[in-house]
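Each chain is listed here by its residues.
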Amino acid sequence: MVTQPDMRVDLGKLVLKNPVLAASGTFGYGQEMADFCDPALLGGVVVKGLTLEPWPGNPPPRIVETSAGMLNSIGLENVGLDVFLKEKLPWLVERNVTVVANILGKTVDEYAALAQGLGKADGVAMIEINVSCPNVAAGGLAFGTSPEFTAQVVRVVVQAAEQPVMVKLTPMVSDITAVAEAAVQAGADIISLINTIPAMAVDLENRRPALKNVVGGLSGPAIKPVALRLVWEVTRAVDAPVIGGGGIMTAEDALEFLMVGARAVQVGTANFVDPRAALKILEGIEAYCKEKSIQDLSTWVGSLKID
Amino acid sequence: MGDVFIKNCQVLENRQLMEGTYLMRLRAPEIAAAAKPGQFVMVRTGSEPLEGGPLLRRPFSLHRLNSSGEISLLYRVIGVGTRIMGGVEPGRELEIMGPLGRGFDFSEAKEQSYLVAGGIGLAPMIALAEAMGDRKSKFFYGARTSKEVDVFLALIRQTPYEGELVLTSEDGLKAAKGMVTGPLAVALEEEPAQLFACGPRLMLARVAVLAREAGVRAQVSLEANMACGLGACLSCAVERASGEESGPVYSRVCFEGPVFFAEEVRW
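Line by line, the protein sequences give chains G and Z. With this note's numbering, letter number 181 in the first sequence gets 181, and the count goes up by one each step, no holes. With this note's numbering, letter number 220 in the second sequence gets 1220, and the count goes up by one each step, no holes.
Just so you know, the hints here were simulated from the structure itself, not pulled from any lab data. Note that this is a predicted model, so its numbers are computed, not measured. We treat Cβ as the ideally placed atom computed from N, Cα and C, and that holds for glycine. A few of these clues could be false.
[Claimed, not checked] Simulated restraints on C-beta separations:
1. 1083(Z) - 149(G): 42 to 48 Å
2. 142(G) - 1053(Z): 34 to 40 Å
3. 1202(Z) - 302(G): 54 to 60 Å
4. 1201(Z) - 292(G): 51 to 57 Å
5. 1172(Z) - 95(G): 55 to 61 Å
6. 203(G) - 1089(Z): 29 to 35 Å
7. 1083(Z) - 296(G): 45 to 51 Å
8. 1018(Z) - 203(G): 22 to 28 Å
Hey, can you work out the whole structure from these sequences and the hints?
Here it is, written out as C-alpha cells:
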C-alpha cells in the first residue's frame, strides 16, 4: 500500500500544510479564484501586494504576452491596508486559508506601519516584504537592489510584526547572496525569490511600447532557469528557509525548485493560464512522491546531486 | 460567482467567412446554458508554451448561444493565438472557461433600442439581437468593406431577428458610405432610444457622446488585454469616469465589464 506522503513544510516559526503557495498578484485576495481553486487547500496564499493607502495602479495596457512569458506593469493596484483588513481578510480567515500578506512601502516608515497594522490582525500567518516590485516609482526595487536598504526595511518590519517575516528578493542584482545574507542578518525568517525581471516589448506597427508604462516585469516559463539558478545560490548561502518561484507551470517544475533547495514554492503566472494550476501542481507533487516512495517531502529538499 | 466552468469543448465547425475572419461553433452545454449576451469566454488556444504555443488564454465574446448546447465565436486573426484557432479542425477539443463577466442588461429594453456594431465588434451584438426577441429595435452595422456587409447579412439572417437594418461601409459599396455613427446620430435625433454597442474604441467614444447628447443610456462592450479573466490579475484595467480629484480609478473589463454603461468610462 502506498502511504500518504508527509507534505508539511517546516519554516521554523511556522509549519505549512504543503509546499505550494500562490504568488502575490496572481491570486487576487483568494476570492477571485475560488470557483476553481479552494485557497484553503494550498500551503498558503500570498495576497496582492498591500500599501498603506489604496493605489490606483498604472494606466493600460498593463500586460503583453511575450515568448513563453508575459510582461506586466499593474503598478500595485490594491485596496490598501484598511479595506484589506475589513473586507478581504475575513473571507480568507473564515475559510481557514493560510494568509501571507505582501507589503510594499514608499518609505521605511511605511513598511513599519504596514507591519504594525497587520500585526494586530488575526489570521495573517506571515508577512512577505516586497522590496522587488519593478512597477512602482518609489519603494520596491529601489530597496531590494541594495543589501543595506533591504536590511533596513527588514529590521523595522521584524520589530513591528508579530508574524514570521519573509523577504521577496529581486533578480536584478549582481550578487543575490549578499542581499539574502543582509536580510537574514537583519532578522528575516524566510527568503522568497524571485520577483519578475524588468523587461520591455514594443509594438512594431504603432512604434510604441507594448505597455503604457514602457517597462514591466517578465514572468512565466521564460524566467524559470534564471529563478532556479538564483534559488540554488541563495539556499547554499543562507540557513534560513527559502521559498522559490519563477515560471513554475507544472509539478515537475516545482520539484526542481525543491530539489535545488527551496522548501516550498510560489506558483504565479500559471494561475492566469489555469486557475486550477496551483492545485494541479500540488496533486502532481503528491503523485510523484507516491510513485518514487518519497514518504517525507522534506527529504527531497536540496537533494540535487552535483558530481 | 457560481456557474463558471472550464470544459473541453468539441469544435463542431470552424469556417473562414472572409480573409482573416472566422466563425467557430463548439459544443459547450454548461456554458451555453449559463451564458448571457455580452458575456465572454477564455479559450486556451493551443499547445504548451515550450512547444511554441501561446501562454495565456484568449478572450472572446459569445457570438451565439443556443438552447441545444452550442456556442459560437466570431473572431479575427490578429496574432499567434487566433492564428492557431483558425487552423483547428472540427472534431478537436479546445479548453474553454466561461461564461465570464457582466453582459448586456436588456431587461428594460421595452420601447425602442438601437444595436450598434462596428467591424468584428459584431460578435456579441448578434447574440444580443437574437435574445431581444420581438422587442422593437434597429441594428446599425458599420463595415469597412462590402465583403464585410455580405458577411453581416449572412450572419443576421441566420437569426430570427426582424428589426430594421441600417448599414454603412467605408468603401460605400452595398451600403451607405461613411461611419455607422452618422445614421445613428440622425436616428437618435428623430427618435431617442437606448443604445447597445460594441466596436472600435473610437466608435464607442462617439456612441457615448451621442447618447449623452440624446439623453439616453448606452451599454458598451469593451475589450482589453487580459491574463486571468477572473478579476485576479488586474491587467484589463479601464479608467472610470469618476475619481477625478483623487486620481484615476480603474475597473476590470473582465469582471465589472466587459459591458459598461458609457457614462462609467473615461473616454
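Do the Cβ positions of residue 1083(Z) and residue 296(G) conform to the proposed distance bound of 45 to 51 Å?
-> 47 Å, holds
For residue 1172(Z) and residue 95(G), compare the CB-CB distance with the range 55 to 61 Å and indicate the outcome.
-> Cβ of residue 1172(Z) to Cβ of residue 95(G): about 60 Å, so the range 55 to 61 Å holds.
Confirm or reject the claim that residue 142(G) and residue 1053(Z) have a C-beta distance inside 34 to 40 Å.
-> Holds - the Cβ-Cβ distance for residue 142(G) and residue 1053(Z), about 37 Å, lies within 34 to 40 Å.
Does the Cβ pair residue 1202(Z), residue 302(G) satisfy 54 to 60 Å?
-> 57 Å, holds
Look at the Cβ atoms of residue 1201(Z) and residue 292(G) and judge whether their distance stays inside 51 to 57 Å.
-> 53 Å, holds
Starting from the hint 22 to 28 Å, judge whether the C-beta atoms of residue 1018(Z) and residue 203(G) obey it.
-> 25 Å, holds
Could you see if the CB distance from residue 1083(Z) to residue 149(G) stays within 42 to 48 Å?
-> About 46 Å separates the Cβ atoms of residue 1083(Z) and residue 149(G), which means 42 to 48 Å holds.
Holds or violated: 29 to 35 Å for the Cβ distance of residue 203(G) and residue 1089(Z)?
-> Hint holds: Cβ distance 32 Å, inside 29 to 35 Å.
The structure shown violates none of the earlier numbered hints.
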